[in-house]
Structures are given as structure tokens and as C-alpha cells.
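Residues per chain, in single letters:
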Amino acid sequence: MSEQIPLSFTLNGKPVAAFVEPRKSLADFLREDRALTATRLGCEMGTCGACLVMMDGAPAHACLVLAAQAEGAEITTLEGQSEDALMADLQAAFVDRNAAQCGFCTSGMLTTALAYVRQGGTPDRAAIRDALSGNYCRCTGYEAIVDAIAGVAEAAMHKEAAA
Amino acid sequence: MNAEGLRIGARHVGTPLRRENARRHVAGRSRFTTDLTLPQMLHAAFVRSPLAHGRITELDVSEARAAPGVHAVLTAADLADCCTPWRGTLDHFAGMTSVSQRPLAEEEVLWVGHPVAMILAESRAMAEDASELVLLDIEELPAVTDPHAALHPDSPKAALEAEKGNLCFETVLETGAVDQVFAEAAHVVEEEFTFGRHTAVTLEPRAILADFDPSTRRLTVHQGTQTPYQFQDTFARHLGLEQSNVRVISPDVGGSFGMKLHVYHEEMAVAAASVLHGRPVRYVPDRLETFLSDIHARDHRITARMALDAEGHILAMDVHDIAPIGPFSTYPRTSVAEGNQVIRLMGAPYRMPDYRGRLQVVFQNKVQTSQYRAVGHPIACAVTEALVDKAAVALGLDPFAIRAANVIADDAYPARSATGFEFEALSHEECLGKLRDLMGYDALREQQAALRDRGIYRGIGIAPFVEITNPGATFYGIGGARISAQDGAIVKLTPGGQAQVAISITEQGQGTETIIAQIVADELGLDPSQVRVTTGDTETTPSGGATWACRGAGIGGETALRAARKLAAQIRAISGAVLQKDGDTLILSGGAVVSADNPMVAMDLSEVARIAYYRPDTLPAGIDTSLSVAHHFAPSGYPFDFTNGIQASHVEVDPETGIVRLLRHWVVEDCGTIINPLLVDEQIRGGVVQGLGAALFEECLYDESGQLTNGSMADYLVPMPCEMPDIAIAHVETPTKDTILGAKGVGEAGTAAASAAAMNAVNDALLPLGARITQTPMTPLRILRALKTITD
Amino acid sequence: MKAPAFTFERAPTLGDAFDLFEAGGGEAIYLAGGHSVVPSLALRLQAPETLIDIAAIPELSGIREEAGMLRIGAMTRHAEILADPLVATHAPLLAMAAPHVAHPAIRNRGTIGGNLCHADPASEFPAVMLALEAEMEIAAPEGHRRVPARDFFVDLYETACAPGEILVALHVPVAGPATRCAFDEISRRRGDYAMIGCAVQITLEAGRIADPRVAFLSVGATPRRVPGCEAVLHDALLSAATIAKAQDALGADLDPMDDPNVPPAMRLHLARVLLGRLLGQLENDHV
Amino acid sequence: MELTGRYELEAPPEVVWDALFDPEVLAASIPGCETLQAEGPAAYTATVKLKVGPVSARFKGNVEIVDAAPCRSCRITGKGSGGIAGVAQGASLVALEATATGTVLTYTADAKVGGKLAALGSRLIESTARKLADQFFANFATHLKSRQENAA
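Chains as they are written, first to last, in my numbering: chain X, 1 to 163; chain H, 1 to 792; chain G, 1 to 287; chain R, 1 to 152.
Hints are supplied without guarantee of correctness; some may be wrong.
[As the list claims (entries may be wrong)] Derived pair list, reagent style DSSO-like, types lysine-lysine, alpha-carbon separation capped at 27 Å:
hint : chain 1 : residue 1 : chain 2 : residue 2
1    : H       : K157      : R       : K112
2    : R       : K79       : H       : K157
3    : R       : K49       : R       : K145
4    : R       : K60       : R       : K79
5    : G       : K245      : H       : K788
6    : H       : K390      : H       : K788
7    : R       : K51       : R       : K79
8    : H       : K434      : H       : K390
[Claimed, not checked] Here are some chain G residues pointing at chain R (derived, C-beta under 8 Å):
hint : residue
9    : S36
10   : S40
11   : L43
12   : R44
13   : L45
14   : H118
15   : P121
16   : L156
17   : Y157
18   : Y193
19   : A221
20   : H234
21   : D255
22   : M257
23   : D258
24   : D259
[To be verified] Derived coverage of chain H by chain R (criterion: at least 3 residues anywhere in the stretch with Cβ under 8 Å from a Cβ of chain R; other residues may be distant):
hint : region
25   : 286 to 300
26   : 478 to 491
27   : 769 to 782
Calculated from the structure, these hints are not laboratory results.
Remember, it's a predicted structure, so these values are computed and weren't measured experimentally.
Where a beta carbon is used, it is the ideal one built from N, C-alpha and C, also for glycine.
Kindly produce the complete structure, drawing on both the sequences and the hints.
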């Protein structure tokens, strides 16, 4: 058995100091130790995108990162995005377009979408699909998700142009 | 005066109401079984057979039992007394056989992944640590993998105790004159087809948390399933518990598609282990385990021919389906149902007088196959439509023209298919016309011709389909399956004048709760936001069939409608007493009861509820003040409510690489009354993509020794965003007259014909190159082989 | 799918990393981005006693130009390769290949050094290193050495990095004004392991090819340069006829491995198709 | 999957043959062999630690030399269980032919894996098997040479 090691990082804007078993993935740490279950596990090998969280401002697979590797990092899960206006727009667009069916992929989809729109992603459907290329959804067939993101990207562009 | 005649005010059925539960999903507040933990909870991990067939010669779990954090290690013997075996046969499939199953393999392992031992530990990681310490030795037996070879009399048996060798079931469906029709037909087209095995790959794996309380002998099971009532019955019977003491709760479910209604070894083992150890036990398979233990589906080898007259009228089909299903038949629906639907759905859209369908269901040493979204439909549709297209080419007919000449006319219903299905009313002609306009068919053909001149090979494929929905009791119940054909709903008016519904159909993201709210809101004159719907708990909702085979909206919706009407009648009676009006002259609208002849005479539902709950003393003596009503409904008209539609696929084939690009897809669908157009369209889109996955990507690959060789999402190719097309949808609405609501199912429509349309489109693209493909998935290798670019 | 137990160490310097490895008695492995190591741990395909996190070692980070070479620190993440202006200018082939590496989120965390040391035969960057004739800077307790890319990829998942050694940086000769390059791969889905992939870099002056480098991925245990094909291209006019000859030469250059999904004949066929398309692209760009 | 290889050895067939039956040479030749214990004249139990890229697993199993036609040919078979990693088995038909300078050893090998390794590794199983087979015979050639040098 390996000893637990100390770990400190910023989680959803607040400092966290904890002890963690070195073998624990960031995803398991978030879900089991912090009860942040919006981060979901679909494949545990980086192929489905359900576990994406923001790590230092960019989407990362929480299943491919050991909790120990998050030392000093800034991690934001979907639970920690509730104040973000852009995320609120995306959430509303997902509901409006019925872009979430069973909901299991939704946290990862929204994380990818947030990064895409934040980085100035356009409403171009092929570009959105490319950004989503690592996010699996079995229910929707993707079109509704692409529509929802395109709508928010379009609005963000107009806002940018107006500003 | 009927209730429909009295309706005024906003109607919500037919509107694109947004799903309230989607708000939880986007906020990260969903609660899936995989999110739940309980005090004292143990985690399960399984040791599985690495060989496809063999005899266990040594199983030593002593070292694993002593590992840190391990509470128990269980083998078949440990569970023998607390869980009775199960056998997946049904009486109406005459003569079918299957060996019986127990949670853990006793002596014989039957497939790679067959669970042999179960470890219960304080964490999943510790359970996995201990699983490395289990000593398992298996003497290898010959693995049966190829279905044709399996049927050979000298073939080894996939399961040593199978009564009839490797034949599980055989049936022939036949009209009188098939051979003669073929002998005399002007045209006969024939083809061999191979349909690859694929699997559901729900993003949330099957998940179960079983919690047995020995002090009360109550078992509470949190389970990601479509059918909690079925599992309540299954756990009670096989674990020897009072049914009333078994509660199954299905919270949010991360996708199901038919995969989460079968009885699996692991779930039975987990429930049994909780009973045995009196502690909550949780099991969530990892992704590799899902590939090794979730049911697979399809896997058909078909030879088929079609006879046509000189003008291109279909005269008959003759089909032989060999369907390998794994080492035994799935419980409780059997693994025969898919093949049975394959041979019965052949030629379904067409006026086809004669037919012969032969089905052989075969055992082999791979994971069990069973019902998965659109059971049998994609196979029957692909075979039928490939033959129709081949005939069209032979006869020089346009794909639309040959179908127009053959579909059952919209004014010719009721009609009966050559395979014995009774169709109430379908709309093939209208759908054909609508599709042609929707896709701009003529312009696409012109573009296709122009591009071919430049060496770009695009193809257009169409595929009409018929879908089985709203099944009645003859579907499973008649064969002895304990699967409810009816559904139940309780609708109540709260003291505040709002509605709560508890219903037996379940939600996995289709929008079940939303459409029930719409239906009930209309009947009670409420806004859907005032209707709270509860699903997925055997303790708080009536028992029923739940959600499978496209029955949720049609049967569950009708159940809710009738229950709400009962409640409306109660409300009218009570308010009638207050208003001194005949209840029949009152209308429920805008949250109030209103007099039909004098809108000034009205009272709010909250007032009706207040009086009924708090001041029944002010009502006439003896009046029934019930404001909760229950109703159960089972369809009793046609055995099924068939739906129909047509799909089209536009593809581009790269003849150098064999890669197919999906450009666009179109669907025209007739599911009867559309309760919520937004949700209907997204059900269709999701279904189409599942069909396109099967057409181009998805296949469970095995080697000749029965090893699954692509057990990860890097190697098993699910459809991902970049490869999937946008999908245009239009509707025709032909409500069923069997119900008041008129809704039929739609969840499987997309999957039913998508792969058929794609296969026809690819073959249309390949036509000028002299190549043809009749195997799915249509991989680059198979296309290059069809083109003879690759010859080995 | 939970990793077996191990101890976790962070190495602030190269020296610390070597000491920790030494202390690990041969059962330690280095962790860069972790995107290859962590899943293999979760799958219990390996069980090291110690993981040594080398992400914070200063020498492993940064991209800079020095003496006609572009130095790329091993911890450089794929997304940085994709966005870095120096890479775009001096190693355009690398920038072209980067979008083909897996998916966006993987590229945010995966590192080029980790990718190269993992040496997956279907991986893009190893083939690019061959075509760029990059040099791999390897640190050992005894000091640093540079290994040409052609000697770095030894076998399936095997590199010239001996146990305990650390890939510190790669050094890429900067592209000249006449350097032309192309990269593409044929895969069934975006981001999948490619059925075939190809990196081409040539010098093109007055339509004539000099210094042709053609490297394939997904053709065998390691990425491969194709000498016969390059000989055809060398000093030839970039034309349809040359391209056809170069394609024909691949038959002798490549002996693809067997794989039921992509048999050798198909892989060779796809290699020809892809090479034809990439050279055709360079020809078109030139015209 | 069938693998083939050919080695030119600077020793006569008799010497090569003896070496094949020498447990020490066998142990040194099997890639990753940790222990090899004789259970009979040509049967052994072995522990092998396989390490190929992201896979490292310890296999316990047996190695046997059968169908021996002295100094001409034999079959070397091996079968092992790697616990939850799965099972692996292989068989190799080895033929020796005398030449002017020594012996030409040719082999045809066939390898199979089961369980997790098969499910996750199919893309690379052939390359892995080829690598291991090559390593075995390359090691064998090296040890044969050093044995000869020691003897000399």
C-alpha cells in the first residue's frame, strides 16, 4: 500500500488541502473525495470526454491526470462554473435545443463548448464538430449540441463586434 | 359531449416544451447510480474467464480473501443457495432451448468475460488489487465462433449441456406459393448479407447498488435500468424475497437503448451478495467490462432473394437468417426475439403476396446478444431495401419509382403483410413524396452526375421502413415472460391545486417526464410547469412495463391521459357540487374549472382542492372527495401500433481509400400524434446516428478463438461528432385510433432504416465502379475489397 | 479500472529525477503529461513501484531558437506546439502534424517528450522527427547526449532512452526559405490511430526537389523513412511522373505489419495514395 | 498470425541442439525470464516478466520442447497466465540445417493472447509477438556464441 501524500490546489476558486492516495485519478478524487459528481467517468482512458474539467484554464481529462499531478493547479468543474455568464448561456442553449438527453456526456460537452467559445470559436459547424471530436454522446446524434454551441458562438461574436 | 369537445385554452400536446430535467443535467446536478454512495458500502469487482470456452480446473481465492480491504471473495458455490438459476426461453418460441445460468460460472466458462469470482472490498481499487491474487486455471475447450460451422453436426458444442447442440431455435414462416412464384418470376435478385455484431456503449455503464437490510429483509436496489418493475420481480423470485420487500429505484440513467433491461450475471451476483452479507454492494463495470459483458446485438448472416414481375412489382421474398447469439439465450426476453423480428419485418412496406423466412438461432462462445434499439429492424430493412435497389437497377427504374409502385397505398388500410402483421394505417406514399421534396432529390441526382464526371463518387440511398411500437401482451407475456404489457399511473391534485403524476414508464433522457406533464396538463387545464412527474421507483409508482420497444409515449402516454381524465371527472364532480352545475358541463382550463355555458361561473383548481382536502364537510354528504386516481392501461386493439417512415442518405465514397463520408441524412416519419416535436426529432436524430454507427463503424471483433479484440473505445469505433451528418426531419401524422392520444412510438425509427439508407447510398456511389457491398460495417477494407483494389 | 498502488515523487531537477530513479531500483517510471502512462496504469497493464513526476524540471520546458536549431523542451504540450509562432515558422511540418494528435483536450495536457518516448508506431510526432532529421537530447546521470531521430526509435515502444534516462529536448533544424512540407493521415475517425500517416519535407527550387524526406507512421514497429522513394524524388522535377515513380518505390521500402483491420496490402496501397496526395499538394502549391 | 525468422549460427547443429535443451540458455533466451525450473527433460515451469511499451505483466506458465528430431527440428511451446492481464501462448517450430560455416536456424512461430491483452492490444499484437520471437532467437544466438567462447 502506498502512503497518502499531501496535495494542495485551487478547486472551483477555493484552496484545497488534502491527502490523497497517489494512485487516485483526479476524476476519482473529485467524485469520491469532494463529492463533485458532475465530473463523470465513461471510459477512464481519455476516449469519451465525459470527465473533462478545466485545468489551468483549458479542458483536461480528469481520468488521465492523477490527483497528485494537480498540485498547484487551478481546477474548475461544472459545479464551479455556475457564476460564469458564458456557461450560463451555453446551459440555456443546451436546454433550449434539447442538446442533453441522458445527461451523462453533458458536463464534458459543456466544458469543451466553454473553451471553444471563450477562445473565439466561430459558429462554423465543422469547426465545432472538430472541437468536439473527443466528446462522445450516444443519445443526441450531436446535431443539437452543435446547434446549441453555434448559437452561443454566434451571439458571442455579435457581442464582440458590438463592444 | 365528450371531453375532447369541451377542451378550450392552451393545448400543450404538440408543442416543443423544453425538458425540465435537462436543466439538472446542464447544471451538473443529475444523480446517476454511479454517483450514489451508502454507508458501509462495499465495492465489487469480478474475475473473468480469459478464454472463450473451458473447464475450470482450479480456482483458488484464498490469497485474495486475505488481501487488504477485502470483505469477501465469492465463487459459484457461495451463491448457490441464495440465488436460483435462470433460463432464457419462452413458450411461444416453440422448441427453443438454452442452458440455465447462475451469477458465477460453476465448472464451465462460456465466453471471454464470463464472471468466475466476485470480490467485495472497501474500494474498487482494493477489489481490483485482490482480483490479481485469484488463481484461476482453465482447461481450454474448443470455442465455437463461426455460426455456419456451429450448425455442422460435427461441431463442438458451445455449451456442453445444450440439449440440441448449437441450435437454439429454428422456425420457418411461409405462404403457399413461394417456390412457384420464384420459378415463374420475370426478375429474381439475390444477395448474401453479413451484419456485424455491435453493442450499445451507453456512456454510463450498467450500474447497480444493492442494499439489503437483514433486520427487515428488505432489499433496495439502485439500478441504472429501463425496467425497475421487471427487476423487482426478478430479484424477489431468484433471491427468495417477498416482492413487496424489494424496491428498485432507477434514478437518472446514462443511456440504455435496450441494453439495460436484460438480466446480467453481475447484477444478480451483486444483489445476492448484498443479501448474503447484509451490506450495500455497488458494482459499476469499467469500459472493458462493458464490452465483455453488456449484451451485443445484430450479428446476422442472411441469404435473401426477391422475385419481381416484368414491371417491377415485388412478388415474393425468400430469406434465410442465421443468427448467432452467444452461448445461451438472454433472460427474460430471450435472444430469439431479434431474429424473429428480422424475418417478420422483411418486405413490410410493400404489397408482397408471398414470403418465406427461415430463421436459425445458433449458440457460440461470445457474449450473449439480445434486444438493442430497433430490434431486428435495421437488418430486415437493409436486406429488403438492398434487394429493391438491386432490382431497380436491373429493371432500369429510379429508386423512388420502384418504391412508389410497390408500397401499400395510403388508402388501402387496414392491410396485412405477407409475414402476418396487421397494419392499422400507414402513410408510405405521403412519406415518399415528402422525402423527395425535403431532400431536393432531382437536384441531387444532377449534382451526382456532374461530380462523377470529375471523379467524385457520391451516392444517394433511400429506405422506407415499418416500425413495431406499442406492443401488446402477445409480444412477451404470451410466452410466459414476467414482463408487464400494461402501464399504470397515479394522478393527484395537490391541496394547492397542482398535479403530481407517478407513472410506470421510465426516463433515460427521451423526455418521458415532459411528455407526461404535457398530456396531463392538457387534461387538467394546467400549465405543464404545474405538473410534477415521478418515474423510476417501484415503491412510489404503479407497476408496469416501463420503457422499451417504443411503448413509453404510446402506452404510458395513454395511461396518463386516461388517469388524468379520471381525475378531471372527479374534479368536475366535486366542483359541480360546489357550483351547483352538472359536472359534464364543466371544463378544466387555465388552472380553473369553468362552466361551458357561462365562463363567469368558475373556480380555481386550488379552491376545489382546498374544499376537498380541508372542508369536505361543506360538500354534499357521501360525495367522493378522492383527488388521487389510479389507472392502468394495456393496448387491446391491434397487437402492435406500427409506424412508418422513410430515410435517405447522401454519401461520398473515396474509391482510393475506401472511406465513406456522410454528407447529409433525411427522415420523414409518421409516429401518429406528435406529443412534443422537439423531443421526437431528437429521438430520431439520435437513433439515426446509432444506425449510421452500425453502417460504417461499430463492430465487436473476435478472433477465431473467441477473443474479443477491440474492447476499448479507442478500438471499437462509436460514431463521433466529426463523422456524423446533419439530419433533416419532416413528419406525417397518422394517429392510431386504438387510443385516445393517438401516439405511436418513435425511439427506434431513426435506427430502423439509417444503415439501410447508408448501404444503398454507398452502393449507389459504387455503381459506376462496378462494385457492391452487402456487409456492415462498411469499413474501408471491405470497400476496397469490393472495388478489388485489395484482393487478398 | 483503477491503478495499482505506487508511490509518487516529484523531481524538481534532473539530478533529483536520476536519484529517485536510482532509489526505485528499476521499478520506477517517469511521468510527463501522463496521458500514456495513466491509462496504462488504470488498465493495470503495468505496475511500477514509483512514479516520478518530471513536469517541473526547468530544462524540459520552453521553445527557443538557438544556432540554427529550434529547441523544443520535452514537456512542451501538444497545444503549445500547435500555437507557437516559432514552431510555425521554423518547423512548419511539426505544426501541421499537431492537429492530428488525438483530440483537443488530450493536446492540452499531452507532452511531445512523453509522446516521443512512448513511441507508439501510430503516433504522429515520431514520424515528423524522422522527416525533420531532429536530434533528441537525452540526459543521463553521466551527462547529456544527442541522438539523431533515426537512431532514437529503436523498436515497438522502444527508444534509445535507456532506463533512467530522460528526454530533455528535441532540436530541429530550422526550415529554409525553399523548404516545403506536407502532413496528413488516413484514419477512420478524426483523432483515431491512423491507418497510415505520412510526413513529407522537401526543398523545392525551380520545381526541382532537393533533400527529400518522407516518413511514414503506422507501417511497422517504428516510423519509417523510405529511402527508395526518396532516391526517386532526389533531384527530380516535382511532376506527376515523379510522383508516380515515388509511389511505385514504396513497395520495396515498406513491409507493413499484419493487422486484421488493415492487411499489409491495404496499408501499402494507402501509403501510395497518401504519398501521391501529399506530393500532389506540394506540386499544386508550387504551381 | 504466423511469424518466421532465420538465423545463421556459427556452430554445428549438434551444438545448437544441445543449447536448445540447456535450461540456462533457455532461461537467458526467453525475453524477461525471471525463473525457469526443470520439470522433466524438456519441460519447465517459468516466470516471465514481459515488458512492451505500456504493458508489463508477469506470466507464470510452462515451456516445453516436443516433437524432437535430434539436430533437425523440434517445437518449443509456451503457455502462461498473466493474472488479470490475461493469458498468452505460443508455439514455434524450429528447424536446423547444417551449412559450411555452422547452422541455419529457421523458425515459424504462432502466438495467441487471451483476455485483457487480446481485448486491448490487437492493434499491436503482431508487432509485439514478432519482437518477442526475434528477441528470443537473437538472445539464443548471443548466448550460444558466448557459450562457445567460454568453452574455447
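Comparing the hints with the structure gives:
1. In summary, the hint linking K157(H) to K112(R) is supported, as the alpha carbons are separated by about 22 Å, within the 27 Å threshold.
2. Only pairs whose Cα atoms come within 27 Å are accepted, and K79(R) paired with K157(H) is accepted, the gap being roughly 24 Å.
3. Restraint check: the Cα-Cα separation between K49(R) and K145(R) comes to about 24 Å, which is no more than 27 Å; the hinted pair holds.
4. Distance check on the hinted pair: K60(R) and K79(R) sit about 8 Å apart at the alpha-carbon level, within 27 Å; holds.
5. At most 27 Å may separate the alpha-carbon atoms for a hinted pair to count; K245(G) and K788(H) meet this at roughly 22 Å.
6. The straight-line distance between the Cα atoms of K390(H) and K788(H) is roughly 20 Å, inside the 27 Å bound, and the hint therefore holds.
7. Annotation: proposed proximity of K51(R) to K79(R) holds, straight-line Cα distance about 17 Å (limit 27 Å).
8. Simply put, K434(H) and K390(H) have alpha-carbon atoms about 23 Å apart, close enough for the 27 Å limit, and the pair holds.
9. For the restraint placing S36(G) at the interface with chain R, the shortest Cβ-Cβ distance is roughly 6 Å, inside the 8 Å limit, so the hint holds.
10. A distance limit of 8 Å between C-beta atoms decides the matter here; for S40(G) the minimum to chain R is near 4 Å, and the interface restraint holds.
11. The interface hint given for L43(G) holds, since its Cβ lies 6 Å from the closest Cβ of chain R, which is under the 8 Å cut-off.
12. With 8 Å as the threshold, the beta carbon of R44(G) comes within range of chain R, its nearest partner Cβ sitting at about 6 Å, so the hint holds.
13. Interface hint status for L45(G): upheld, as the beta-carbon distance to the closest one in chain R is roughly 4 Å, under 8 Å.
14. Below 8 Å, beta-carbon pairs count as interface contacts, and H118(G) has one with chain R at about 7 Å; its hint therefore holds.
15. With a least beta-carbon distance of about 7 Å to chain R, the hint placing P121(G) at the interface is held under the 8 Å criterion.
16. With a cut of 8 Å, the hint placing L156(G) at the interface with chain R holds, because the nearest CB-to-CB distance is about 5 Å.
17. The beta carbon of Y157(G) is positioned within 8 Å of a beta carbon in chain R (closest approach about 2 Å), and the interface hint is therefore held.
18. For Y193(G), the suggested interface contact is upheld, since its CB lies about 6 Å from the closest CB of chain R, less than 8 Å.
19. Annotation: A221(G) was flagged as interfacial toward chain R, and the flag holds, the nearest CB pair being 5 Å apart, inside 8 Å.
20. With 8 Å as the threshold, the beta carbon of H234(G) stays out of range of chain R, its nearest partner Cβ sitting at about 30 Å, so the hint is violated.
21. Evaluation of the D255(G) hint against chain R yields a violated restraint, the C-beta minimum of about 11 Å exceeding 8 Å.
22. Contact between M257(G) and chain R, as hinted, is supported at the beta carbon level, the nearest pair being about 5 Å apart and thus within 8 Å.
23. With 8 Å as the threshold, the beta carbon of D258(G) comes within range of chain R, its nearest partner Cβ sitting at about 5 Å, so the hint holds.
24. Interface restraint check: D259(G) against chain R, minimum CB-CB distance 6 Å, threshold 8 Å, status holds.
25. Counting residues of the region 286 to 300 of chain H whose beta carbon lies closer than 8 Å to any beta carbon of chain R gives 3, which meets the minimum of three for the stated coverage.
26. A count of 0 residues in the region 478 to 491 of chain H with a Cβ less than 8 Å from any Cβ of chain R is obtained; the coverage claim is therefore unmet, three being the minimum.
27. Look at the region 769 to 782 of chain H against chain R: 0 of its residues bring a Cβ nearer than 8 Å to a Cβ of that chain, fewer than three, so the hint is violated.
Checked against the numbered hints listed earlier, the structure breaks hints 20, 21, 26, 27; every other hint is satisfied.
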